[in-house]
Amino acid sequence: MKLSNSRFEQIAAIVRKDFVIGLRRRATFAAMMMFALTAVASLSLSTGGIFVEAKFLAALLWVVIFFAASAGISGTFDDEAQAGTLPTLKLYADAQAILFGKMIYVLLSLVALTIFILPIFLILFDVAVENFFLLLATILLGLIGIAAAGTLTAALTTSATVKGGLFPILLFPITLPIFLPAISLTELSFTGGAFDSSSLVVMVAFDLILVTAASILYDYL
Amino acid sequence: MNKILILLTLAICASIIFFFPPIKGLGDLAKIIFFHVPTAWVAVIAFFASAFFAAKFLRTFNFSFDKLSARAARLGFIFVLLSTISGAIFSKLTWGAYWNWDPRQTTIFVLILIYGAYLTLRAAVSDEKVRAKVSAVYSLLSVLTVPFLVFIIPRMYFSLHPSPVLNSAGKIEMDSIVLIVLIAAVVDATLIFVQLMRREIS
Chain H
99 MKLSNSRFEQ
109 IAAIVRKDFV
119 IGLRRRATFA
129 AMMMFALTAV
139 ASLSLSTGGI
149 FVEAKFLAAL
159 LWVVIFFAAS
169 AGISGTFDDE
179 AQAGTLPTLK
189 LYADAQAILF
199 GKMIYVLLSL
209 VALTIFILPI
219 FLILFDVAVE
229 NFFLLLATIL
239 LGLIGIAAAG
249 TLTAALTTSA
259 TVKGGLFPIL
269 LFPITLPIFL
279 PAISLTELSF
289 TGGAFDSSSL
299 VVMVAFDLIL
309 VTAASILYDY
319 L
Chain G
-14 MNKILILLTL
-4 AICASIIFFF
6 PPIKGLGDLA
16 KIIFFHVPTA
26 WVAVIAFFAS
36 AFFAAKFLRT
46 FNFSFDKLSA
56 RAARLGFIFV
66 LLSTISGAIF
76 SKLTWGAYWN
86 WDPRQTTIFV
96 LILIYGAYLT
106 LRAAVSDEKV
116 RAKVSAVYSL
126 LSVLTVPFLV
136 FIIPRMYFSL
146 HPSPVLNSAG
156 KIEMDSIVLI
166 VLIAAVVDAT
176 LIFVQLMRRE
186 IS
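These protein sequence lines are chains H and G, in that order. Each residue of the first sequence is one higher than the one before, starting from 99 at the first, in the numbering used here. Each residue of the second sequence is one higher than the one before, starting from -14 at the first, in the numbering used here.
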């Protein structure tokens, strides 16, 4: 393996490596997508025919995204941990490059998840989106926050002996400042009401804080 | 120190139970507010104490800071539960419902979730060194959410927070005594927390 010099090359190499492994094994992707599909289907089936309020729909969408993301990204560092290759990886790339490479990979897989599940959600619940741009912006900002907090949380839980359910327990309180504005903005994108741009500012600010904190704290692990 | 604290606690309890008239329109049980405020205060103090010791651990890798951080979180978890339950009882008396996701109730519930997650994480990691690092990192990460929640939540939900209720019921009519006892109770609870933190360390 060629020793990459610039940090950008290192990050790109790690994203590529994870992407190839993810495609080769498919199980993680498949589990995440099927989890989201199952969740949406069960919600839609159980509320079938009932009028569901926009606020409730927005909350449902984010609950689905949160738990599907948890199922998909909790094992971000498990491959390296199981094979014991994380120290070797750290010889090729520095710790920050590994973190950001993983974070970008996680974000890309979450974007893929949303591209898959959002149309299904909108069709099954028969949602008329009034402000599509706002919806996409809100989801992207939310996913960035989940990716930043989720990557660090995944690094924390790899060493845990008891894993079942640990990841969402840890992730939820940290990402709550993302979900609350995200849900209200998503609701507004469904109803088309005038939105308060300060909610978007809060999301951007918290995303930046999560990315910075993940970057600082990862060095201590 | 222990004896002084026991005496102080007993004195505060006695003065609340025997000397205070019932809060108007709320009955004797509403005096639980004198238990609620100090426990809530300590729950928040313990949260920041845990994060402070976590930061010290990551700087020094001295494991006694990890122990302190864990102990602060354990004590904080107990205090936050006591505070939530007593707050819910007071809420039932004043608002007619135990729970309605008032901003303060939401924040304290998030605090319960964070404490619970932290303690679960500690229980789930068996290697001592890894556990210390991992839980310190989580402690610091969770502290970041607090200012945001304090800023966001009140904008999202309507608050019925009881400070005006308390004022009209007690503080204005017998302000100085109530205030003194309340402050004494807060100081007492803080000292109890400090004393429990110091136990076994020396």
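Mixed in with the good hints, there may be bad ones.
[Unchecked claim] Cβ pair distances, simulated, as ranges:
id: 1; chain 1: G; residue 1: 46; chain 2: H; residue 2: 295; range: 40 to 46 Å
id: 2; chain 1: G; residue 1: -6; chain 2: H; residue 2: 214; range: 55 to 61 Å
id: 3; chain 1: G; residue 1: 82; chain 2: H; residue 2: 261; range: 17 to 23 Å
id: 4; chain 1: G; residue 1: -6; chain 2: H; residue 2: 261; range: 50 to 56 Å
Calculated from the structure, these hints are not laboratory results. C-beta: ideal position from N, C-alpha, C; glycine also.
Hints that the structure is at odds with (numbers, increasing): 3, 4
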